[in-house]
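Participant: Protein chains in written order, with the numbering used here: chain A, 1 to 483; chain B, 484 to 895.
Treat the hints as calculated values from the structure; they're not laboratory data.
Treat each hint with caution, since some may be false.
[Stated by the list, open to error] The calculated DSS-like cross-link candidates involving lysine-lysine, where the alpha carbons are at most 27 Å apart (straight line), are:
id, chain 1, residue 1, chain 2, residue 2
1, A, 480, B, 704
2, B, 704, A, 392
3, A, 480, B, 590
4, A, 472, B, 639
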Amino acid sequence: MQIVVIGGGICGSLIVRELSHLQDVSAILIEGKSDVGQGVTKANSAIVHGGYDDPHGTMRASLCVRGNGMFPQLCEELNVPFKRTGSLVVAKDASDEIEQIENLLANGKKNGIEGLRIVGAEELRRIEPHLSDEYAFALHCSSAGITEPWMIAIAAVNLATMNGARVITGNPVKGGKVCEGRVKEVWLESGMRIPADCVINATGVHFQEVASLFGIETPPVSLRRGEYIILDKLVGDMVKTVIFPVPTEEGKGKLVLPTVDGGVLIGPTSEELDSHALEDVSTTDRGLREVLSSADSLVPGISRFNWVVRSFAGLRPDTEERDFFIKTDNEVKNFITVGSIRSPGLTAAPAIAELVVDEMITDVLNTSFKKKERVVSRLPRTERINELPFSKIAEMIDDDPLHGKIVCQCNEVSEREIINAIREGATTVDGVKFRTRAGFGRCQASFCGWRIVQILSRELGIELSEVRMNEKEAWILDGKVRP
Amino acid sequence: MRNIRTDVLVIGGGAGGMAAAVSAAKEGAHVILLEREDTIGGVLNQCIHNGFGLQFYQQELTGPEFSYKLENELKEKDVHVVCGSYVRHVDFASSTAYVLSSSGVQKIEAGAIVIATGARERPFGALLIPGDRPAGILPAGLAQRYVNLENHLPGKRALILGSGDIGLIMARRLTLEGMEVVAVVERMPFPGGLTRNVVQCLEDFGIPLHLSHTVTQVRGKGRLERVEVSQVDKEFNPVPGTAKHFDVDTLILSAGLIPHIEDYVRDLSTDPVNKGLSVSNTCETTVRGTFAAGNNVAIFDLVDYVAAEGWIAGRHAAFRALGKARESVRIPVVRKGMVGALVPNMVDPQEHLRIYLRVKTPMDKGKIVLEELGIEKDFVYAVPSEMIQLVVNRDKFEKMNGADSLTVEVLP
Chain A
1 MQIVVIGGGI CGSLIVRELS HLQDVSAILI EGKSDVGQGV TKANSAIVHG
51 GYDDPHGTMR ASLCVRGNGM FPQLCEELNV PFKRTGSLVV AKDASDEIEQ
101 IENLLANGKK NGIEGLRIVG AEELRRIEPH LSDEYAFALH CSSAGITEPW
151 MIAIAAVNLA TMNGARVITG NPVKGGKVCE GRVKEVWLES GMRIPADCVI
201 NATGVHFQEV ASLFGIETPP VSLRRGEYII LDKLVGDMVK TVIFPVPTEE
251 GKGKLVLPTV DGGVLIGPTS EELDSHALED VSTTDRGLRE VLSSADSLVP
301 GISRFNWVVR SFAGLRPDTE ERDFFIKTDN EVKNFITVGS IRSPGLTAAP
351 AIAELVVDEM ITDVLNTSFK KKERVVSRLP RTERINELPF SKIAEMIDDD
401 PLHGKIVCQC NEVSEREIIN AIREGATTVD GVKFRTRAGF GRCQASFCGW
451 RIVQILSREL GIELSEVRMN EKEAWILDGK VRP
Chain B
484 MRNIRTDVLV IGGGAGGMAA AVSAAKEGAH VILLEREDTI GGVLNQCIHN
534 GFGLQFYQQE LTGPEFSYKL ENELKEKDVH VVCGSYVRHV DFASSTAYVL
584 SSSGVQKIEA GAIVIATGAR ERPFGALLIP GDRPAGILPA GLAQRYVNLE
634 NHLPGKRALI LGSGDIGLIM ARRLTLEGME VVAVVERMPF PGGLTRNVVQ
684 CLEDFGIPLH LSHTVTQVRG KGRLERVEVS QVDKEFNPVP GTAKHFDVDT
734 LILSAGLIPH IEDYVRDLST DPVNKGLSVS NTCETTVRGT FAAGNNVAIF
784 DLVDYVAAEG WIAGRHAAFR ALGKARESVR IPVVRKGMVG ALVPNMVDPQ
834 EHLRIYLRVK TPMDKGKIVL EELGIEKDFV YAVPSEMIQL VVNRDKFEKM
884 NGADSLTVEV LP
C-alpha cells in the first residue's frame with residue numbers, strides 16, 4: 001500500500017510519522033516548500049491550548065482536549081520542548097466579562113477539562129505580578145502550555161524517515177490521475193508521478209486549492225491573518241503564563257505569552273483576508289501598532305521599542321463552519337482532506353493524526369494495519385549547548401571541539417549544532433534557524449549570518465551565492481566581488 | 484575545566500579592548516583578552532577605508548592598519564589573547580568569567596574586568612517596518628563584511644536606510660564595487676553620520692540623500708523586489724500621499740548602533756540616554772573592579788575615542804587589580820539643556836575628566852556650561868552626529884566645594 005501525504009505542516013508530518021509505524025505501508029510525504037513546517041505551522045501563537053473556549057460538540061473541542069493530553073509524550077518522543085505554563089483569561093470587574101468567564105468555565109467543564117478554575121485578584125497578582133491592575137480575576141487553565149510547533153513537524157519527519165517513510169520537499173503537487181472514484185497517481189511539478197492507494201490532503205491554507213487539483217470540492221477556505229511581535233529575552237521574566245484577554249467574535253484576542261526559549265511573543269491581530277491571498281504573510285503598520293498597544297494594556301511597559309526583536313504574520317485557514325474539516329471525499333473515496341485546521345490546530349494535531357491513521361485510512365483501504373515490530377519511536381537526543389551545565393559542555397568539547405565554537409551568541413548555538421542540523425536536513429538559512437535557533441535572537445543574525453551562510457556552503461558543497469534564505473527565489477548573495 | 488587567574492580580564496578584542504589590554508599590561512598587570520571571532524580587531528578588520536588614527540596615533544590609517552598596530556603592541560606586552568571564545572557568564576561578585584572555546588571551558592578569576600563588547604547593529608526585525616520578510620535586507624556592517632572580507636556582493640541594486648557612518652561608507656563601497664545605490668533615506672531632518680562622510684561618500688558619487696524620509700514598506704516574494712519610501716513628520720509618522728517606490732533587490736540598514744550589553748544589564752547600571760553602561764571618568768562601572776569602554780558605553784564617532792577610553796579603562800583596571808587604586812568618591816554627572824549622549828556618567832574628582840557629548844539638535848552656536856566648576860566653553864556649529872569633546876584638568880575640581888553632582892549643560 002502506498003499512502004501519499006501532501007503537506008509537511010504539523011498535521012501532515014504527524015500523520016506520516018504514524019504511517020511509518022505500519023507494516024506493509026509505504027508512506028510518502030510531499031512538501032511544496034523547501035522545508036517542512038514552514039507554512040501555517042511556523043507562524044502562530046505556539047500554544048498548546050486547554051480547550052475551554054471551543055464550543056462543546058465541535059470537532060475542534062474534542063480533538064483539542066485529546067491532543068492536549070497527548071503532548072507530553074509526543075514532545076518527549078520528538079525531543080521538542082513543551083512547557084505547561086498554564087494560561088489565564090484575564091477579566092475586568094464588569095458584569096459582561098464576569099459572565100463570559102463563567103461561560104468559558106462552564107463550556108470547559110462540558111469539554112471535560114480538568115485544572116480549570118477562576119482565580120481572584122490576589123492570586124492573579126501572584127501568578128503574574130506585572131499584569132495590569134485593571135484585571136480583577138481570571139480563568140486559569142493549568143493544562144495549557146507552549147511549544148515550538150515547527151520543531152514538531154521537523155522532528156516527526158526525521159523520525160518517520162528513520163522508520164522508512166520517504167520525504168520529498170521543494171516539489172509542489174500539480175495534479176493527479178483520478179479514475180473510477182479513486183486517485184491513482186499524484187503528479188508533482190518536477191514531472192514525477194507517484195502511484196497512490198490513498199491520499200491525505202494536509203496542506204494548510206491550500207486545502208481547497210489542492211483538493212480542486214483532483215476535481216474535489218471542499219467548503220471554501222477563508223483566511224485570517226495574525227500579526228505578531230517577538231520581544232527580547234530581557235523581558236522574559238515579565239510573563240509566566242499565556243495571558244489572554246476575554247475572547248471576542250474574531251477569536252481569542254491579542255495575547256502576551258512566554259516563548260520556550262525565554263522570550264516573549266505578543267499578538268496576534270485577526271484580520272480577514274481575501275481567500276486568494278494564500279501567501280500573504282505581510283505585516284501592516286496598523287496591525288503592528290495594535291499588537292504593541294494591546295500587549296501594553298495587558299502588561300504595562302512590556303512593549304518598549306528597544307525590546308522588539310522581530311515581527312511576522314501568519315495565516316489561519318478556516319471555513320464558514322468555524323470548525324476543522326476532516327473528511328474522506330464522498331466521490332473520490334481514497335482522498336482525505338485535513339482542512340480548515342484553524343485554532344486550536346496545533347494542540348489538536350496529534351489527535352488529528354491518530355484519527356486519520358487509525359480510523360479514516362483504515363476505513364478507506366478497508367483493512368486493518370499491523371504495527372511494525374521494530375520502530376524508532378524516539379528521536380535521539382540532540383544536545384543544545386544552551387541547556388547544558390558548564391561541566392557537561394567541558395566533556396563535550398573534549399570529545400569534539402566544535403561544541404565549543406559558538407556561532408550564534410544571542411542563543412548560544414555551537415557550530416556542531418548547526419552542522420548536525422544540516423546533516424538532519426536543513427538546506428537553507430531558515431532551515432538552520434528553525435532547527436537550532438541560530439539567528440533567532442536579538443541581533444537577528446547581524447553577527448552570525450555570514451558564518452551560517454559559510455557553514456551551509458561548506459557542508460552542502462555549494463557556492464556562497466547558491467545559499468538561500470528559504471525558497472529558491474530567496475537568494476542571499478550575488479556573485480563574487482572579484483574572481 | 485581549567486581554572487585560571489589573571490590580574491585583568493578584557494572581554495572583547497576590538498579597538499577598545501585591545502587598547503585596554505595594552506595599557507593594563509603596560510602598568511605591569513597580567514592580562515587575558517577574550518575575542519569571539521577567530522581574529523582580533525573587531526569591526527576594524529572590515530573597515531578598509533581610511534580616516535582612522537588621526538588622534539590616537541597622529542597619522543591616518545585604515546581600519547586593519549589601526550588594528551595591526553594595536554595587535555603588535557599586544558604581542559610586545561605578552562597579552563594572552565584567546566580568539567574564538569565565548570563568555571557564557573560573568574559573576575561580578577567574584578570577578579569570575581565562565582568561557583567556552585573550541586579548546587575547552589575555562590573559569591577565569593580576575594582582579595579586574597574590562598568590558599569592551601562594542602555595539603551591535605539595530606536589525607531589520609527591530610524596526611517594525613511593515614510588509615513581506617524577503618531575503619536581501621541586511622545591516623550595513625554585515626554587508627560590509629560580505630563585500631570586504633567574504634568577497635561577495637549582497638545584491639545588484641540597493642537602497643540604504645539610515646545615514647549613519649557605516650551606511651554612508653557602504654553607499655560608496657557598493658558603488659565602487661559595481662552595485663547601484665539608488666538613494667539613502669534618513670528619517671531625521673539631518674544626516675546621522677559625519678559631514679565628511681556625507682560629502683565623500685554620497686555627494687561625490689551623486690547618490691541622493693532624502694532627509695525626513697523613511698522606508699514604510701518592503702515587498703518581495705523570496706527576494707526583496709520593491710521598497711516604499713515616505714516622508715515623515717516631526718513625530719516620524721509617514722505623511723500620507725508622499726510614498727515613492729524604488730525597485731531594488733537590496734535594502735541596507737544603517738539604523739543605529741546599540742551598545743552590546745544585554746548580558747550585563749542585570750548587574751551593572753546603564754545610562755538611559757546613551758543606552759550603554761554607566762561609567763566614571765576612570766571607566767569604572769557601578770561595580771567596583773569592573774570597567775567598561777567603547778561603544779558599549781555610548782556610541783562614539785571615532786575609533787580614536789574608543790581606543791583612548793579603552794586605554795584609560797585598562798590602566799585603572801590594572802591599578803585596581805594590583806592594589807594601587809585610590810579610594811575616592813564618585814559624583815554623578817547630570818545632563819541639562821540640549822545635552823544628548825554624554826560620557827562619563829560619574830566623576831572621580833581625583834582624576835582628569837574627558838567629556839564626550841552630543842547636542843540634541845543641530846545648533847549654529849552655543850556653549851557648554853559646567854555649573855559647579857564655573858567653566859563655560861563656546862562652540863560654533865554643532866550637530867548630533869558629531870561628538871563634542873571637552874577635557875577638564877583635575878585641578879579644576881577644587882572649585883567643586885563639596886557639590887554633590889556635576890551638571891553638564893548646553894545652552895544656545
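Participant: Please name the hints from earlier in the document that this structure breaks, with their numbers sorted from lowest to highest.
Facilitator: 2 and 3
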